[in-house]
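K.L.:
In order, the protein sequence lines correspond to chains A and B. Be aware that the first sequence starts at 0, since it is given in numbering that gives the first Met the number 0, and climbs by one per residue. Be aware that the second sequence starts at 0, since it is given in numbering that gives the first Met the number 0, and climbs by one per residue.
Just so you know, the hints here were simulated from the structure itself, not pulled from any lab data. Take the hints with a grain of salt, since some may be wrong.
As the list claims (entries may be wrong) - Partial chain B-side listing against chain A, Cβ under 8 angstroms, derived: (1) Phe17; (2) Leu24; (3) Phe25; (4) Leu26; (5) Ala159; (6) Gln167.
Virtual Cβ for every residue (Gly too), placed ideally from N, Cα, C.
So you can see what is in the structure, the chains are spelled out below.
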Amino acid sequence: MSFTSLSFFIFLPIVLLVYFVIPRKWRTGWLLLAGLGFYLNFHPKYLLVIVFSTVVSYLAGCRLESLNGQQENGARGGAVDDGVAVTTRKRRTVLILGIVIVTAVLVFFKYTNFLLGNVNKLLGLAGVDYSVQPFSFVLPVGLSYYTFQVISYIADVYHGKIRAEKNFLHYALYVSFFPKVISGPIERAGDFLEQVKECHNFNLWNAKRVRDGIVLMLWGYFQKMVIADRLGILTGQVMDHFEVYGTVELFVAMCAFYLQLFADFAGYTDIALGLAKVMGFSLQDNFRSPFFAKSIREYWTRWHISLSTWLRDYIYIPLGGNRKGKARKYVNIVITFLLSGLWHGAGWNYVFWGMLHGIYQVAEYLIQPVVDKVNAAFHTKTESFSYGFLRTVKTWFMVALAYIFFKVPSAVDGFRYIGRMLTRWNPWAIFDGTLYTLGISEKYFHLMLWFVLLMFVVEWMRYRKEMKLDVWLAGQCVWFRYGVMIALLLGTIVFGAYGPAYDAANFLYFQF
Amino acid sequence: MNKKWLGTIRTAAGILVFLVIFAALFLSLQNTLKLKMGHRGTDSVKGFYEEEEDSVEVLCRGASTAWCTVDPLVLYEEYGIAAYDFGSSAQPFELTAAFLEEAFRTQHPKVVCLEMLSLCKPFEEKNAENLNYGLTDLRFSPVKARRVSEMFPQDKGKAASYLIPMVQYKDRWQELEKNDFIGEYESYANYAKGAYTPDKIADAPLDFTYYFENTDAEAAQIPERNREVFDRMVQLCEENGAELLLFKAPNGGWTMEETKAVEGLAAEYGLPFVNFFDLLDTLQIDLQQDFRDNSHFNRYGSAKASAYFGQYLKEHYELADYRFDGTENSWDIALRDRAHDRANEALAKTDNLAEYLGRLSYQGYTVIYSVTGDTTGKEEFLQGLAESFGPVTLEDMQAGVTFAVVNGECRPELVCTGNQTADSARAGSRMAKLDLGIGDVVELTPYSITYDHKMYNMVDNGIVILVYDNEWNRLVDIAGFDWNNGGACVRDE
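Please work from the sequences and hints to get the whole structure.
P.N.:
Shown next as structure tokens:
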């Protein structure tokens, strides 16, 4: 049941209606039930997987809480060092065990076939006439997201950042809250569990909050169904058959894919945030105008924020972060981004994409002194708009280039794509109508340019004023506000890429 | 009333206004985007809803073979039968049943005539076009929702797309044209009563030898779903007091096996079956002149078939004669409208100038003349034309005049001529614009007429005539008569 499926449009009003009218004390139970129902709709048997991860992490949290208490009591009571050490060991054991078990589930479902494929390749290279058959199962939806959530929960309880949640229903809702269970944001337990506990006190009948939530949802649907899915037709046609296209088409497709990816994932996130807002919850945002980042480092503070902060807090910093010297810092960055690539998908192209971002960042650190010297030598006005603009454009294309590896089936194909884009020079394709033969008609092509411009304007507003569309719109006059809402709604209905003429397009980040 | 309640009422009112505005815009957009199917669906379906309740006594159902065979106006003109063809192009059997249910909501016909073309054809979900012909303009109702849902048991999304035409037609924004915004007609009342009987003649004679030679044929298999649907239709007719009559129009591709299947079904249910294949000789059907293509009767074939069918109905059922009951009913109006349309059609097919001018009506029409080239030898004709329409002079005629006659009257401001010495009222008048109807502007300039952004000056030496039907807001014809070529008629394709 994707957010854009017919069943979701039936499911959602029912869930909201019941949620708004039932007694307050039943809200948590109802949302949990809705979350499980939502999840059940994807692949019933994988409900067991999310339940397993929830139970394991819940028990680990409880045990850690109890051991934390023992340790604190021991420390206060002046217990002998051995006792404290035993408790510490036990805590560490529970931490590692909890994380290993939930991670094992992720590794099993997501990486087994990847590993087997590589083993088979190695066996083949070694001349061994034997191959291991891959498993035939699909990845449980949302597994990567909720696994990271429960890992952060266990780690935060271990470190004493939060208290373990005693109420299993509350904890289960944290894991399976349906707006975020499939593709995040990867919420931290501390923020979310507080809201769950307060859920029964929410004043749901707050028209302003509901309206703002709906605005976010509408904008999310517009981004997803109008921009992302339409661009997806073009990127699918060109990038899936890149061997037959020249520089212009490949370049356009590369840019379009970055735009598609953003519109798709930011669209999903806005729907999730808006939906949560309608229900009185507040989820962390995943995007802060990444198109306007001036460096790759800045880009990662603006793109998929819940993942990048998770990686920072639970991978990069535990690895030593920047506390152990420059060389180690660079190694830590590359390792973190390699894992980020692997998290996104079980394939060498994803690994390479992650590594590329790691290298980008290390290169930025290494080159920065040289850049500073050159700027000083040429008296470059580094505070000027134009300098910032050029840095933004450079970052934009570096990111877009790296995303080629996201789309093509293998890392080798990624290099072939880039090679072709650099060598099959065909500038006439800009003028001879070739661009209108890439899956979207001339009229749609022009319309898309306007819609992408609109998306940039909204993002620019966000960048300059740190204001999301719902907040900005709330400050406008009532006629304009509702006019925009109707325009978004009708725009999505008329221009959205859905219906019998289109293949149903899922959210790209579902697969991760 | 306290503040909280006031706030609640204000919020509720806001939501209501929002929903009303959204719904109005949505429905208006949907209407604009919907494909106008013409005789393939829209005319018949929308026209049906315009019929007065309980006024139809004979309801003819089925695909194009039904409404190209039974012409309700022939039935009315000759026998006074109030009939309607309620169908759509290439209609699957399941849709035929849905149409029947829909029809019974407003009409209670005594006889339902069912054309059997689709009986042995399995329902194909992929053939969206055929479903759209019928479903697009069929009003939303629980019956429609239920039947469409049954057609797509596994794919509710697809079912929904047929219930909300916007989903099917949203991409049409790229091909919208004037007609999509203004609507083709002011009223959807269908003077043809659902029939479509053009006078086109088939390129080659039809050959039904294959059909008649297959005497040993066994009955074709009727798909299970169609059998269930047929059973439902029989029940529906029984419940609504209508008698069911099966018939088959001759069409290429229909087989003896299928005829046997229909005969078997008719026998099983005790229903009458009129097979026009068996009547080809009796009705003296000409296999070329009476068909417009491989599958459909044209006007002439339909007239023969309808005359027979009317007689059959009269003989076998108790049907009233509505012709002379003293009141003008919608069939009388339809006959008048048909005469109007046929007159327009005849004009648009006339190639001889004298005959053309003879057929021209001025009341209710705008006629624009544009004279071009050398008028030597045509003075008498032009003098006559000039005398007919006051402000125009022979001198004007010789100088590339273009002038409009609206409802028989020609006004000075609607005369454009290249003649600078013309009377002062029109001196230098080089262009005039005339608003013909909704969005229909015609531009008059010396030597040419521009209509719908296209310039018409098809003949270098002759006369171009544009005829516009003011009553129906419709262009009837634009014809040029070439004096260089013996007055030959030239029309733009």
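K.L.:
Taking the hints in turn, state whether each one holds.
P.N.:
Going through the hints against the structure:
For B:Phe17, the suggested interface contact is upheld, since its CB lies about 6 angstroms from the closest CB of chain A, less than 8 angstroms. Proximity of B:Leu24 to chain A holds as hinted, the smallest CB-CB distance being about 6 angstroms (cut-off 8 angstroms). At a threshold of 8 angstroms, the smallest CB-CB gap from B:Phe25 to chain A is about 7 angstroms, leaving the interface hint in force. For B:Leu26, the interface hint is violated, since its Cβ never comes within 8 angstroms of a Cβ in chain A; the closest pair sits about 11 angstroms apart.
This hint holds: B:Ala159 has a C-beta 6 angstroms from the nearest C-beta of chain A, less than the 8 angstroms allowed. Because the beta carbon of B:Gln167 sits about 7 angstroms from the nearest beta carbon in chain A, less than 8 angstroms, this interface hint is met.
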